Amino acid sequence: MRLAVPPALRMPRGLTLIVATFVAAVAMVLGLGVAGASATSATPAPPAEGAQFTVGGIIQAGPGNPIEGAEVLVEGNGIEETGVTGADGRWSVALPGPGEYTATLDPDSLPEGIEPTQPDNLTRQVNASTTSTINLLFPVGEEGAAPVVRDEGALLADRIWTQVVNGIIFGLFLALAAIGISLIFGTTGLNNFAHGEMVTFGAIVFWFLSAAFREMAFPLNVILAGVITLVASGAFGWAQDAGIHKPLRSRGVKLVQAMIVTIGLSLAVRYVFVIIFGTGDQTLNVGFSGAVDIGAARVSWTSVASAIISAVILVLVGLFLTRTRIGKATRAVSDNASLAAASGINVDRIIRIVWVLAGTLTGLSGVLYGLYRGVSWDMGFQILLLLFAAVTLGGLGSAFGALVGALFIGLATEVSAVWLPNDLRYAIALVILILVLLVRPQGFLGRKERIG
Amino acid sequence: MDWGTILGNAISQIASPTTAAYALAAIGISVHFGYTGLLNFGQAGFMAIGAYAFAIATLGFGWPVWAALLMVILASVVFAFILGLPTLRLRADYLAIVTIAAAEIVRYVVSTTGLTPVTGGASGLSGFSGGFYALNPIPEGTYGFGPFTYTADGWWVRIVGWTLVAIATVLVWLLMRSPWGRVVKGIREDEDAVRSLGKNVYSYKMQSLVLGGVLGGLAGFVFILPRAVQPGNYGTALTFFIYTLLLLGGAATVFGPIVGAMIFWVVLSLSNGIIVGLVESGIVSFLTPDQAGQIRFIIVGVALMLLVIFRPQGIFGNKKELSFSV
Amino acid sequence: MSDTAVASHPLVDGAVGPGCKKVDPIVVADGVTRQFGGLKAVDVEHVEIPRGQITALIGPNGAGKTTFFNLLTGFDKPNTGSWSFEGRSLARVPAFKVARAGMVRTFQLTKSLGRLTVLQNMLLGATKQGGENFFTAIVKPLWAKREDEITKRAEDLLTRFKLDAKKDDYAASLSGGQRKLLEMARALMSEPTLVMLDEPMAGVNPALTQSLLGHIRGLKEEGMSVLFVEHDMHMVRHISDWVIVMAEGRIVAEGPPETVMTDQAVIDAYLGAHHDEDLGEMEVELDLPTVEEAEAAAEKKHEQQEGNH
Numbered sequence: 084m085r086l087a088v089p090p091a092l093r094m095p096r097g098l099t100l101i102v103a104t105f106v107a108a109v110a111m112v113l114g115l116g117v118a119g120a121s122a123t124s125a126t127p128a129p130p131a132e133g134a135q136f137t138v139g140g141i142i143q144a145g146p147g148n149p150i151e152g153a154e155v156l157v158e159g160n161g162i163e164e165t166g167v168t169g170a171d172g173r174w175s176v177a178l179p180g181p182g183e184y185t186a187t188l189d190p191d192s193l194p195e196g197i198e199p200t201q202p203d204n205l206t207r208q209v210n211a212s213t214t215s216t217i218n219l220l221f222p223v224g225e226e227g228a229a230p231v232v233r234d235e236g237a238l239l240a241d242r243i244w245t246q247v248v249n250g251i252i253f254g255l256f257l258a259l260a261a262i263g264i265s266l267i268f269g270t271t272g273l274n275n276f277a278h279g280e281m282v283t284f285g286a287i288v289f290w291f292l293s294a295a296f297r298e299m300a301f302p303l304n305v306i307l308a309g310v311i312t313l314v315a316s317g318a319f320g321w322a323q324d325a326g327i328h329k330p331l332r333s334r335g336v337k338l339v340q341a342m343i344v345t346i347g348l349s350l351a352v353r354y355v356f357v358i359i360f361g362t363g364d365q366t367l368n369v370g371f372s373g374a375v376d377i378g379a380a381r382v383s384w385t386s387v388a389s390a391i392i393s394a395v396i397l398v399l400v401g402l403f404l405t406r407t408r409i410g411k412a413t414r415a416v417s418d419n420a421s422l423a424a425a426s427g428i429n430v431d432r433i434i435r436i437v438w439v440l441a442g443t444l445t446g447l448s449g450v451l452y453g454l455y456r457g458v459s460w461d462m463g464f465q466i467l468l469l470l471f472a473a474v475t476l477g478g479l480g481s482a483f484g485a486l487v488g489a490l491f492i493g494l495a496t497e498v499s500a501v502w503l504p505n506d507l508r509y510a511i512a513l514v515i516l517i518l519v520l521l522v523r524p525q526g527f528l529g530r531k532e533r534i535g
Numbered sequence: 359m360d361w362g363t364i365l366g367n368a369i370s371q372i373a374s375p376t377t378a379a380y381a382l383a384a385i386g387i388s389v390h391f392g393y394t395g396l397l398n399f400g401q402a403g404f405m406a407i408g409a410y411a412f413a414i415a416t417l418g419f420g421w422p423v424w425a426a427l428l429m430v431i432l433a434s435v436v437f438a439f440i441l442g443l444p445t446l447r448l449r450a451d452y453l454a455i456v457t458i459a460a461a462e463i464v465r466y467v468v469s470t471t472g473l474t475p476v477t478g479g480a481s482g483l484s485g486f487s488g489g490f491y492a493l494n495p496i497p498e499g500t501y502g503f504g505p506f507t508y509t510a511d512g513w514w515v516r517i518v519g520w521t522l523v524a525i526a527t528v529l530v531w532l533l534m535r536s537p538w539g540r541v542v543k544g545i546r547e548d549e550d551a552v553r554s555l556g557k558n559v560y561s562y563k564m565q566s567l568v569l570g571g572v573l574g575g576l577a578g579f580v581f582i583l584p585r586a587v588q589p590g591n592y593g594t595a596l597t598f599f600i601y602t603l604l605l606l607g608g609a610a611t612v613f614g615p616i617v618g619a620m621i622f623w624v625v626l627s628l629s630n631g632i633i634v635g636l637v638e639s640g641i642v643s644f645l646t647p648d649q650a651g652q653i654r655f656i657i658v659g660v661a662l663m664l665l666v667i668f669r670p671q672g673i674f675g676n677k678k679e680l681s682f683s684v
Numbered sequence: 067m068s069d070t071a072v073a074s075h076p077l078v079d080g081a082v083g084p085g086c087k088k089v090d091p092i093v094v095a096d097g098v099t100r101q102f103g104g105l106k107a108v109d110v111e112h113v114e115i116p117r118g119q120i121t122a123l124i125g126p127n128g129a130g131k132t133t134f135f136n137l138l139t140g141f142d143k144p145n146t147g148s149w150s151f152e153g154r155s156l157a158r159v160p161a162f163k164v165a166r167a168g169m170v171r172t173f174q175l176t177k178s179l180g181r182l183t184v185l186q187n188m189l190l191g192a193t194k195q196g197g198e199n200f201f202t203a204i205v206k207p208l209w210a211k212r213e214d215e216i217t218k219r220a221e222d223l224l225t226r227f228k229l230d231a232k233k234d235d236y237a238a239s240l241s242g243g244q245r246k247l248l249e250m251a252r253a254l255m256s257e258p259t260l261v262m263l264d265e266p267m268a269g270v271n272p273a274l275t276q277s278l279l280g281h282i283r284g285l286k287e288e289g290m291s292v293l294f295v296e297h298d299m300h301m302v303r304h305i306s307d308w309v310i311v312m313a314e315g316r317i318v319a320e321g322p323p324e325t326v327m328t329d330q331a332v333i334d335a336y337l338g339a340h341h342d343e344d345l346g347e348m349e350v351e352l353d354l355p356t357v358e359e360a361e362a363a364a365e366k367k368h369e370q371q372e373g374n375h
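Residue numbers (this note's numbering), protein chains in the order written: chain H, 84 to 535; chain W, 359 to 684; chain X, 67 to 375.
These are calculated hints, taken from the structure and not from any lab test. Treat the numbers as computed from the prediction; the structure is a model and nothing was measured. Positions of the beta carbon are idealized from the N, C-alpha and C atoms, including for glycine.
So these bits of chain H aren't anywhere near chain W, every CB distance computed over 10 Å:
| no. | residue |
| --- | --- |
| 1 | 163 |
| 2 | 411 |
| 3 | 432 |
| 4 | 501 |
For lysine to any residue, the following SDA-like pairs were computed, each having C-alpha atoms within a straight-line distance of at most 20 Å:
| no. | chain 1 | residue 1 | chain 2 | residue 2 |
| --- | --- | --- | --- | --- |
| 5 | X | 194 | W | 560 |
| 6 | X | 163 | W | 561 |
| 7 | X | 163 | W | 550 |
| 8 | X | 163 | W | 560 |
| 9 | X | 206 | W | 534 |
| 10 | X | 206 | W | 527 |
| 11 | X | 87 | X | 154 |
| 12 | H | 337 | X | 239 |
| 13 | X | 143 | W | 560 |
| 14 | H | 329 | W | 668 |
| 15 | X | 143 | H | 523 |
| 16 | X | 143 | W | 447 |
| 17 | H | 337 | W | 669 |
| 18 | H | 329 | W | 660 |
| 19 | X | 206 | W | 612 |
| 20 | H | 337 | W | 661 |
| 21 | X | 143 | W | 444 |
| 22 | X | 228 | X | 217 |
| 23 | X | 194 | W | 561 |
| 24 | H | 337 | W | 448 |
| 25 | X | 143 | W | 446 |
| 26 | X | 163 | W | 446 |
| 27 | X | 206 | W | 531 |
| 28 | X | 211 | W | 534 |
Can you build the whole structure from these sequences, using the hints too?
What follows is the structure, given as structure tokens:
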């Protein structure tokens with residue numbers, strides 16, 4: 084196919100805009116970086132109370148027989164801490180951040196007459212990455228009693244339940260960002276590889292702001308930081324369309340080319356993040372702590388609140404797309420852009436709105452995901468492929484499909500960790516993606532006619 | 359600032375084995391993307407497959423170099439089939455997503471703790487190149503001039519690496535001037551038109567995917583000769599670097615991948631040397647040396663954007679035959 | 067169903083009418099249907115296409131002509147149905163094998179291969195070039211002789227289609243009409259028995275239309291069968307030997323061009339399309355560029371081409 088490329092020199096405005104946007108973005112982020120950095124250096128960060136990552140569990144010799152005073156030693160990543168079970172048999176240890184840990188049950192700490200069911204299997208490898216609350220199982224029983232098989236099954240059920248809850252929470256975060264990808268793809272046909280950086284952008288801006296607003300009381304600090312972050316994220320989306328994609332569209336640049344441009348943007352922005360944020364992981368502490376038991380799963384209140392916020396926003400986005408004029412116009416553009424244009428819809432304006440909306444939703448996803456697992460410079464890039472997988476599984480360009488796909492991917496990554504090594508959880512999601520494409524290329528909800 | 363060292367380091371990149379590995383991988387992408395129009399975003403996966411195939415065949419099975427190289431080719435072919443079978447009938451962007459996903463699956467699998475006895479887990483593998491260097495016919499000693507002074511082993515790895523690049527270049531040139539090349543270029547332009555002329559488009563796409571993939575696998579082999587196999591090296595950024603340098607040289611040109619790889623590494627080394635020099639000598643005070651080391655990635659990203667927007671045919675590409683498709 | 071004036075015709079075995087048997091059919095299709103969602107785009111009970119003749123497939127917009135065309139040539143898969151070409155079943159045969167069987171098509175929107183030269187476009191149409199095999203390709207002497215033969219044939223065809231002066235230009239630099247010619251010439255490289263042209267006259271200026279019509283007649287003189295899609299009834303009157311009319315996915319009438327136009331089913335089909343679909347007509351009008359727009363687009367395209375040189 085022929086490529087229409089007018090000479091570069093004819094579009095000085097495009098270049099200027101891109102450079103200006105990029106400089107503005109860098110300046111903005113750098114400015115925030117300086118502010119945040121000075122705030123951090125002025126007062127050392129408080130100890131991580133209500134830490135993002137905890138490891139824990141219940142030690143009991145059968146149902147209704149919790150063991151008090153059992154000790155579990157957690158080591159790794161520079162910490163060595165012992166968790167002691169309370170009267171309800173629960174123990175937990177706060178972790179400083181993502182990483183590899185080991186947890187070892189001290190058999191001598193068990194009361195007389197109680198011993199581990201598997202005496203030669205007392206150490207567990209813990210890989211803290213996306214799941215903020217990790218439950219460990221140390222089966223114990225009456226001395227000499229044969230291991231109770233039913234308990235193993237019940238414990239497995241507990242673990243699966245825990246992962247299902249985590250999977251739904253993770254899936255909701257993914258959905259917020261995936262709907263952004265899906266809307267952009269639907270209206271413009273573009274696969275945006277810089278979308279992961281939009282997630283990171285939200286998380287990093289929120290991190291700097293929550294550090295700057297540390298003196299403020301909860302929940303004012305969160306609300307203020309959240310609102311500013313969402314506005315900045317929307318502006319980031321706006322800038323990408325205004326500075327890059329609008330000029331590319333009006334030049335008739337092909338989609339593959341535009342996609343490679345987003346790859347370049349992703350790379351450049353990601354390393355701007357490295358320079359201003361560093362390569363370490365930081366936890367987001369908004370002064371909100373505590374946890375709640377949902378069945379066997381212990382979930383922090385922050386995660387519960389985040390999940391509720393995600394669900395509410397997703398419902399609002401659904402209402403926006405189906406009930407409002409702009410939402411309906413958005414769907415019309417997704418269906419057939421030239422027909423929409425012919426019936427009087429300003430396609431460029433809709434696309435601009437979609438970019439701002441996608442930026443805001445994705446920034447929010449970054450904030451919530453950052454609260455869940457901490458903030459790092461490549462947190463968005465790490466889940467970019469999961470986002471593509473969610474969007475592809477749901478059916479490219481279908482917003483509702485993106486939600487279904489995201490929940491599916493969230494559940495698949497978390498629940499597979501029950502049986503598979505933790506470090507293969509993302510691989511599983513991607514294997515599922517490829518297998519589904521084999522059987523149903525249009526995704527779960529996509530229409531067959533759209534493909535090829 | 360020591361300009362001599364900075365310049366010397368930069369110029370020596372022209373012949374480095376890493377440059378040869380990138381050039382080889384880029385020739386593979388030029389077959390896929392430049393000539394056939396296939397969006398393979400998983401070249402890092404092919405390189406990882408090649409690297410691990412060689413290392414595991416050598417360390418795990420104790421195979422000689424030639425057998426390990428056959429293993430590299432075989433593993434790349436198998437990987438290409440696994441990628442191509444589900445996706446080559448689908449729209450172009452599906453291939454992009456599946457290849458990038460598959461490359462990441464490879465990276466996750468080779469770095470998983472459970473496979474540490476085979477792949478070395480997160481720390482990777484080393485000590486596999488003894489057999490390769492034992493084949494070195496050059497007597498011990500140091501040869502060369504200026505920045506191009508290497509030990510006998512240094513020469514050996516460069517000779518082998520660049521010989522592979524030369525063979526690949528000639529092979530691709532022969533193919534692309536042939537009727538076979540005409541068919542794949544036709545597919546790049548419009549696969550339905552080629553189908554309507556009685557060509558089995560699916561089969562040609564698969565052949566192209568296999569050829570470029572094997573070149574990627576061999577690039578993985580060259581890449582690990584001077585270093586250990588480390589799973590962290592095979593992230594998606596590697597694929598995007600290869601796309602950048604290919605677009606720099608011109609995606610559908612014979613020498614584009616080679617020239618692009620050389621420019622890419624010389625410019626990276628030069629800019630990195632200058633920035634680090636400026637930081638260390640205190641002229642630039644707002645960056646730490648660590649941060650300065652990251653600026654090159656920003657340069658690559660911005661260069662990729664500007665190239666694609668303003669010079670899609672590459673610096674040396676033919677302006678008439680623009681190097682983009684789809 | 068039809069009140070065609072002629073009851074019999076030399077091409078037809080039996081009575082003339084939709085789905086009638088031909089004396090010497092080259093394509094026979096039975097029960098071919100294709101659904102898009104709830105809509106039956108194609109629903110052809112039986113149709114036969116005569117050998118050695120120019121057959122026009124006409125019908126109003128949205129009648130399913132191009133979809134039927136895509137099904138016959140393997141570019142789309144039917145929900146049901148079977149069809150044969152020279153007695154050989156072609157149902158569910160991939161498009162490239164259909165082309166190899168001797169049934170070669172062109173496209174409504176021309177698919178010239180822009181960054182290949184005109185000559186390379188032509189050579190791609192040739193068959194039996196061993197150099198298209200991966201391993202043979204590396205050794206030039208194995209395919210150089212065949213390359214000379216097909217280059218000769220390509221140059222002859224280009225001369226006939228008055229494109230010989232352009233043979234080393236990129237196909238992207240040709241005008242719309244020249245691309246139509248190139249596509250037709252390229253289809254002839256494989257020496258097909260049935261040439262299927264999808265709206266060969268669409269978007270071609272009137273002067274070139276005459277020359278295209280002449281080339282189509284030339285194909286018949288060389289012994290090829292031609293099936294072409296057209297939505298303008300009057301365009302086909304001069305050159306077709308047989309006309310098949312489709313509406314709403316079905317074959318509604320068949321006959322020689324002089325009589326088929328007066329068929330009540332045909333008039334209904336064309337009028338019906340205008341009657342009950344006011345909206346549809348409006349959309350069509352919206353899609354058509356005004357003269358100013360067309361000129362502006364042509365100017366822009368011209369600028370781009372200059373920019374590329």
